[in-house]
Amino acid sequence: MDTMDPTPKPKLDLEVVRERLSNAKGRHYWRGLEEIAETDEFKNWLDDEFPHRSTLLSIDRRSMLKYMGASLALAGLSGCRGLFLPQTKVVPYVKAPEELVYGKPLFYASIYTQGGIAKGVLVEQHEGRPTKIEGNPDHPASLGAADSFMQASILCLYDPDRAQNVTQSGDISTWETFVSAARDAMKKAGPGGVRILSESITSPSFGAEMARFQKAFPGAQWHQWEPTSQDNITRGSQLAFGRIVNTYHDFSKANVVVSLDAEFFASMPGSLAYSRQFTDGRRLEKPTKSMNRLYSFESMPTITGIYGDHRWAVRASDVENIARTIAGGVGVSVGAHGAGGVDASAINSIVDDLKKNRGSSIVIAGQHQPPVVHQICHEINAALGNVGSTVMYTEPLEVQPVVHLDSLKSLVDDMNSGKVKVLLILGANPVYTAPMDFKFADALKKVPFRAQHSLYDDETGGQCEWHLPEAHFLEAWGDARAYDGTLSIQQPLIEPLFEGRSYAEVLSALRGETTPSYDLVKSHYETGDAKVFEKEWRRWLNQGTANVPKSAKANVSPSGSIAAPTVIGQGAEIIFQLDPTIYDGRFANSGWLQELPKPVTKITWDNVVHMSPATAQSLSVTDEDTVELKFNGQSIQGAAWVTPGHPDNSFTVNLGYGRTRGGTVCEGMAEENLGGAVKRDPWGFNAYALRSSNAMDIGLGAVVQAAGGLTPIATTQIHHTMKGYDIVRSASFEKYQEDPTLKPENAEDRQELEKQSLYPDQVFSYNGPQWGMTVDLNLCTGCNACVTACQSENNIPVVGKLQVKKSRELHWIRLDRYYVADENRDDKNLANPETVFQPMMCVNCEKAPCEPVCPVAATVHSHEGLNQMVYNRCVGTRYCSNNCPYKVRRFNYLNFSDNQEQFNTQVPPAAREPKAHGIELLRMLNNPDVTVRGRGIMEKCTYCVQRINEARIEGKKLGRDPLDGEIITACQQACPTKTIVFGNIADKDSQVSKWRNDPRAYRVLEELQTRPRTSYLGKVRNQNTEISGEAGA
Amino acid sequence: MSSYEDLDPLPLILGDQTYSTIDEQIADVVIDQKRHNKKTWFMPIGIAFLLVNVLLVTVGWLLYQGIGIWGNNIPTAWAFDIVNFVWWIGIGHAGTLISAILLLMRQQWRNSINRFSEAMTIFAVMCAGMFPLLHTGRPWVAFYWLFPFPNILGIWPQFKSPLMWDVFAVSTYFTVSLVFWYIGLIPDFATLRDRSTNKYQKYIYAFLSLGWRGSAKHWHRYEQAYLLLAGLSTPLVLSVHSIVSFDFAVSVVPGWNITVFPPYFVAGAVFAGFAMVILLMIPVRKMYGLENIVTMKHFDWMAKITLATGLIVAYGYTLELFYGWYAGTKIEHELLTWRMDFFHKPYSWAYWMLILCNIIVPQAFWNKKCRQSYFWLILVSLSVTVGMWLERFVIIPMSLMNTYLPSSSRMYYPTIWDFSMFIGTIGFFIMMMWLFIRFLPAINVFEVKDLLHKMHVQKRTHKEEAVATTSGGTH
Amino acid sequence: MAQLFKPYSNIVARASIVVGAATPVLIGLAAAAYSRSPYNTKVEVPLNQPVPFSHQHHVSELGLDCRYCHTSVEKSSYAGIPPTETCMSCHSQIWTNSPLLEPVRKSYEDKTPIVWNKVNTVPEFVNFNHSIHVARGVNCNQCHGPVNDMQITFKGRAFQMQWCLQCHRSPEHYLYKDPESASPRQQVFNLYMKLQEKGVTGLSPREQALMKGEEQESGKSEDVLEGKEIVKALGVKTQQLADCSVCHY
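Order-wise, the sequence lines are chains A, H and B. Just so we're aligned, residue 1 is where the first sequence starts under the working numbering, counting upward by one. Just so we're aligned, residue 1034 is where the second sequence starts under the working numbering, counting upward by one. Just so we're aligned, residue 1509 is where the third sequence starts under the working numbering, counting upward by one.
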C-alpha cells in the first residue's frame, strides 16, 4: 500500500467551503467537502507520474486463458470450440436424491446467527451446493429480507482460508488425538481447572449439552465474551429492573421515535424487522396526511441518523445529558444535569411530541451508550406507557446471561493466578478483541492446555497449541433464538467440506460420546410419540421457525433510581464502533464485505479516524492524511477522514481492522514482486489496541495529531464538483402536501420534454411484457443489502483495494450518497448536512445511448425493453461505457473472475497447508444461471434477466406471461424496506405501474431523452415545524 | 552559365542542375553505401530499434495481462489508446494531401516532397492502426468480428457504430495511399535498377520496377493511373478524419457531441501532418545534402499551409467554447471550468498548453524570416506536434472524467505502460522512416527531372524575350 | 544492357497477380469450410463410452420412453443423464452378467458414478432449456438427429448459433402438429410410439424426415401456414424469440 501515491496533499480550506455554501442558490447537492473547497489535491496527484505502480505486479498472477475465463475468452472462437476445448465429461448420480430435479435449485430454511442471535434464511442450493442466501419470509427477524452479513456468509462457506484440519502447534492432527489429549488434561485439571470460553450463545440444545459437560467435568466453568457492546444493554436492564431482561421494539406502532445514538437500521439483532416496521409508517403509495417521525441524536453519522427527519450531531458523551433532559421533560426524576449542548427549545418540542404520542412512541439508546442511558430509556418508555405496545420485555435470550466483561475478567484473573489448566475457546478471538488492559495473550500463555475451535485460525489460534476447525452454519445442525425470542432450527445444506464440527459436537466428544449435531439438537426437543414429533420436526424445518414457546414475556417495571450524572471528563472524545461492513473483525476475511463501501463514507478495505470538518481544520489535516491517535497511553496511526455530520472535538474509530492472522484476505494485501517475495500489509489499523475495560465504547482525553505522510484510502466516490442537477428529489412533508411531485424549480417538465422529443411515444411495437423498475428513495436507508445480493446473484468478482482505488470496482449497484446544501441554511450544512442515498444501477433506457455505438452489437434492446448485454459477443471497445450518461457499466480490465482476493493463496502458515485450492473451491459459489465474465468484457445490471427468463419459461408452459410479483430481482428480494419494485409496466395494474405513475415519480437525466425504464420516487422528510430551520436536517 | 536565381529569387531547384546531377543526388543516396555513415543513419535507427523493442514488450504484456495495465477506468474508458490513434491518423494526413490535392492543383513544388510525405503517411497510419485493435478487451475476437462476412453465428457487425465506419475508413485510406505510393515509385525503381552496380540490388529493383522501360506507352498509362488515383484519394483526405471525428461527434458525451468536429479534425490533421513533414525533412535534407532540391521555398510554402490550417483549428477551439456556453446546460458549463479553471482543476494545464502550442506559437509563421529559419521551423512544428496530442487528450479523457452524475466522476491517471506504448509507436515510425530513406529514393527523381525540364523551358523563353526587347529598342 | 528477366517472366508476373488476389479468398473459404466441418463440429463422430449404450436398441427395439431415463426433460433446462440406479432397475434382472455392463454394476456397488463422454454440449454462456422446447412440440431428433437409430450416440447437429436462429427467427417453418396427439408435448414422445406401431412408412413426410434425422424444415406453403397457426395457438412471440437475452445472460 505504501506504493500508492506518496504525494503530499494540500489542506482543506473550510472557509472557502462555508463561503461557497452560503451563497449557493437553491438546493444543490454536493458529495464531499473538497469538491466545494475545490482544493488542488488532484494536481498534486499528477506529480506522481505513475500512481499505483505495484498494481501491475501484485494482481493477476494467473495465466491469461484458464477455466471459465478461458472458455469465455475462447467464446470468440466459437466456430472452433471443438478444436480448442477439451472433451467435456458428464457425471450422473449413482442414486439421485428424490426431490432433486436436474437444473432446478432447491431452497432450504435455516438460520444465520450473529452474536448468538438468529435471523431466518432461505438457502438456494444447486445440485447439492449452496449458492445463495436469502431472507426467510416466515421468520420474524428477517421477514424475507437479508442484510449483507447474512448474504456474505455463503462466501465464508467456500473460503479456502477457513480452518480445514485439526492442528497441534501447526502440524496437522486428528480429532481423535485431540480428544484423548484433552480428556487427559481435563482429568488432571481438577475442579475449576477446566474453562470454556464461548461467544454469546442462545442455543438451548447447546445449553443442555453444556450442562451435561459440566456434570461430566465438575467445576468446569463457562465464560462468554462478545467484543460487541451488548454489556451496556445488559447492565442497563440490571440498573432498571434489578435483573437481566431482553428488550425489543415494535416500530410499526411507533409514531415518534427518538434515537439516542442508536443505529437500529443496521447493527441490532432485530434491525431487518425494525427497518421494515419503521419504513412501513412512511409509505406514500396513497396520499396520506400522517407519517411517523424520527428524531436522532448522533455522534458518528449512521444510516439511521441520516434517515432521521431531524438529526443533531452531538458528542457521544453528551447523549446522557440529552437523555436526562428528555426524561425530565416526560416526568422522570433525574438528577441535575447539563444541557447536552442541544437547544433546549428543540428538546422541549420533542418532549411535547412524545407526550402527544403516549403508547405509540419509542426512545431507544445505542448499544455503545453507557448503561445509565439505557436505564433512562426504560424509565422514559415506562413513563410514556410504551411498554407492552412499542417496547417489549422478555426473559433473556442467552442460555446463560452474563455481563461479558466480568465473565472475561474472571477468566483472565484465574488464568493469571494459574487456576486455569485447560481452556477451550469456542469461536471467540479474545487475543484480538479483548480489552487491551486485560493483556489476554500474556494470560493465555499461562494456561498449560489451550485450544481454539473456530472458523479461522486467527490471532487466538496462533497463541493456542491446538486449533480445531469449526463447522460453518451450513454444515452443521444447531438452534438459536431470534431478537424477539422466537426459536429456530439451524439446518445444514452440505456435509462439512473439511473436518469442521459444531460447538455442541466438540463438547459431547470431550464427554466421550460422538453424538452427531443432528441428534444433539433433535433429541433436545423430542417429546412424546416419535412419529408425531417427526412430522412436527419436519414442519419446523420447512417453515424455518420451531413451534416451541418464545422466550417468556418479562413483566418488569423500572424501579431502580437513576444515579446522578457522572462528571463528563475533559478533552477530546474517542468512540469505538463496530465496523458497518466487517463488524467486530470476524468478517475481515470476506472479500465481499471488505469491498462493500461503508454506507456513509463509501470507504472500502480500510478503517479511518473519523472527525468533523471543524476538528480536521483545527488539526489542519484532511482525508487520507496520516494521523497519530493517542489514548490510554497507547497510540496507533491511521488515515484521517473528514466526515460531515460528525460532532466536533470527537473521533470515531471502527473496530475490526488491523488483523494480523486469520486468512489471506484479512491479513492485508499480498504484494508479490517479480522476485516472488511476498510482502503483507494489513488493512487499516487495530482500534482494539486502544480499547480498555474502563473505556470500552466512549473515552475522553484522546489526543490526535498529524503524523505526516499519507495513508491512501480507496473510496468508491471521489471528491468532485457536484452540478445543480435534478438527480435526487427530496422535500419536507409540508411541501409534499402542496406539491406531491417534489419538483425543484430548475427541473425540466416531462410533458414539455415529451412534446419536444422527436421520438415516437411508442418505442416498441410489441404486445408482451415490458419490464421496468421503480425505486422509492423515501424508503431507502442506504443499508447496502442490495449490493451484496447483486454480487451474490450475478457472480460479481472482488477486485481488491488497488483496483477500487483505480475506480474499477465491479458492483452493478452503486448507492450514491449526496449531501444537500440549502440556500436558507448557513454553514451548519457542513457540520450536519442533510444526506440522501440513491441506488443507481442500469436504468435500461428505451433509447439507450450505449446500443448504437457498439460495433459488434453486443448490447442491444430486447422486445421486452431490456437493454441486453451479451457477454460472449463483447470485444471490449468500452465505447458503450463512454456513452452511458449514468456510468453504470462495469468493465473487466483484468481477469478479475479468477483473481479475487480469496484466490490469492499466498503465504499461509504451514499449519494451513494443505488446503483445497482457492479457485476450485470458490467456483462452487457461482450461480450456474449467470455467465462468469472473463477479462476484457463489459458487464452491467439487466434486471436479473436470468430470473425473468426462468419465470417466462415457466409461464409459457402454463400458456401465460409471468404474473405481477412472480419475478423478484435479487436487490428487490434482499431489501429490508421494500424500496425496489420490479415488474411489467405494460400491465396497468402491476405494482410497478402504480409506482411509476405516482406523482413523486421522476426519471434521472430525463432531459437526455434516454427514456429510462427505472424511475425514482422522491424523498419526503416529516419535520417538526417547531424545530425545522434550526434542526440539522 | 547563369543559374535560376536571377529568374526567381527563391527557386524550387538551386544551382546549375542537369538530369544526371539530380540522379546522383537522389538515387545515389540509395546506391552509394558511403552516403550512410554512423551519424546520419545507424544512430537514429539504432535508437528507433530500441524503442520498437519497448513497443514489443508492452504489447506482449498487454496481451498477457489485459488492458488493465493501462490507467483506463470507469468513467474514463478511453484514454491514451484512442488519443494516440487519432494523433497518428492526423499525422498521416499531409502525405495524401500533398500527393493528391496539390497534384490536381498543378502545384510544382510538391514534386520534391511528395514521396517523402507519402511514406510518412503510410507509416503513421500503420502506427495508428495498432491501437483500435489492441485497445479492445479481447483483440483475439475483435480482429475478425469487426469485419462483415457470413459467419456461423448468423449475425453481422453493427453498421450504426462509428467504430465500424473507422474500420472501413482507415483500411481504405491505408490501401489507397500504399498503391498510390508504389505506382509513383515504379519509374524511380527503374532508375535505381539502371544505376545500381550490385547484381542482387539490380535484380531486386528490377523486380520492383515491374519491367518499366520508360516507353511512351508506359508513360501514358502511368500518367493516367496516377491521375485516377489522385482523384480517388482526394475525397479520402477529407473522409477519413471526418469519420474518426464521428467516434466522438455522434455520442452524448459533453465535449464530444459537437457538429464542428469533422472539418475541425481534418484541419487539425493537415496541421499536424505538415508540421511532421517539416520536422523530418529538415534533418534528412541536411544529412543527405539535398539543399538544392528541397529548398527554403518548400519550407516557406509548408509553413504557410501550417499557419493557415492552424488558424482553422483555432477557430475550432473558439467554437468549442461557444458551444459550451450556448448549450446553456450545467454539464457543458462544468466542462468548460473543468478544462479551463487553471487554479482548481487538475488537468487544466493540458488545455492551456494546447492553446500555447497550437495557436500562439504558430503565429510566428506570419514572419517570412521565421518561415525560412531552421530554428523557427523546428520550434513551431515541434510545438504543433505536441499541441495536437494535447488537443486529443483534452477532448478524450478530460471530457470523460466529467460525468453527468457527479457520483461517478473519478480521476484518470496514466501508467508507465500507457507511455511505453506511445513511445514505442514513435520508435516504430522513425525506424520505418529511416529504412525508407536507406532503401528507397526519398525524393521523386523523375518528377524533379520533369520540374527541371520545365524550368529550362522557362529560362529559354525568358532569354528570347530579352533579345526581342533590346532589338526593338534600336529603332 | 542485358535483360535481367526473360520474356516469360511477364506471364509469371500476370499469373502472380491472379494468385495474389485469389489466395486470401481461398484461405477465407477454407477457414469457413473447416469451421463447419465435422473435424471441428464433431457432428456424426461417435464417441467411445465406458458402456456402449445403444439408443437404437432401447428406443426403437424395446420402445422405452425418452423420459424413462431423461427424467427432467419436461421440467427443467437439463434433460438429465440417468443415474446408475436407473440402469440397474432393469439390469439387475436381465443381462445380469453381461461383460458390457460390468462398469454399470461396478458403479452401483462402489457407489462411484459412471463418467460418460459428453456428446452434445453448448457453451456455458448459452442457456438452453429443454422443457420449453418439448412443451412447444419440438421433437428430440430435431436437434439431436436420428437418436432412435443410434447404435453409439453421436452428435446429430452442430449447435452453431446460425442453426439455432433458423428456428428462433421463423419457428413457423419448423413447428408441426400431429393430429393424433393431444398436446405438442405429447406429440414429441408419441412419435416414437407411432414408429413402433406403424413403422417409418406409416408416418407423415415430415415425421419421416425427422426419424431419418434430415433437416425437417419444410418450405411447403401449406406447412408454413400450418406452422403459423401453431405459432398463434401456442402464443409464441416470434419477435421476442430471437432476442439475445433469450439464451445469453
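Please note: incorrect hints may appear among the correct ones.
[Unchecked claim] Short, incomplete list of chain B residues facing chain A, as computed with Cβ under 8 Å: (1) LEU1537; (2) GLN1557; (3) PRO1621; (4) SER1639; (5) LEU1673; (6) GLN1674; (7) ARG1677; (8) HIS1681; (9) LYS1745; (10) SER1753; (11) TYR1757.
It should be emphasised that the hints constitute simulated quantities derived from the structure, not laboratory data. Quick caveat: nothing in here was measured; it's all calculated off a predicted structure. Glycine included, every Cβ here is placed at the ideal spot set by N, Cα and C.
Verification of the hints:
| no. | hint | in the structure |
| --- | --- | --- |
| 1 | LEU1537 | violated (14 Å) |
| 2 | GLN1557 | violated (10 Å) |
| 3 | PRO1621 | holds (5 Å) |
| 4 | SER1639 | holds (7 Å) |
| 5 | LEU1673 | violated (13 Å) |
| 6 | GLN1674 | violated (17 Å) |
| 7 | ARG1677 | violated (13 Å) |
| 8 | HIS1681 | violated (20 Å) |
| 9 | LYS1745 | holds (5 Å) |
| 10 | SER1753 | holds (4 Å) |
| 11 | TYR1757 | holds (4 Å) |
In the structure shown, a violation is registered for the earlier hints numbered 1, 2, 5, 6, 7, 8, in ascending order.
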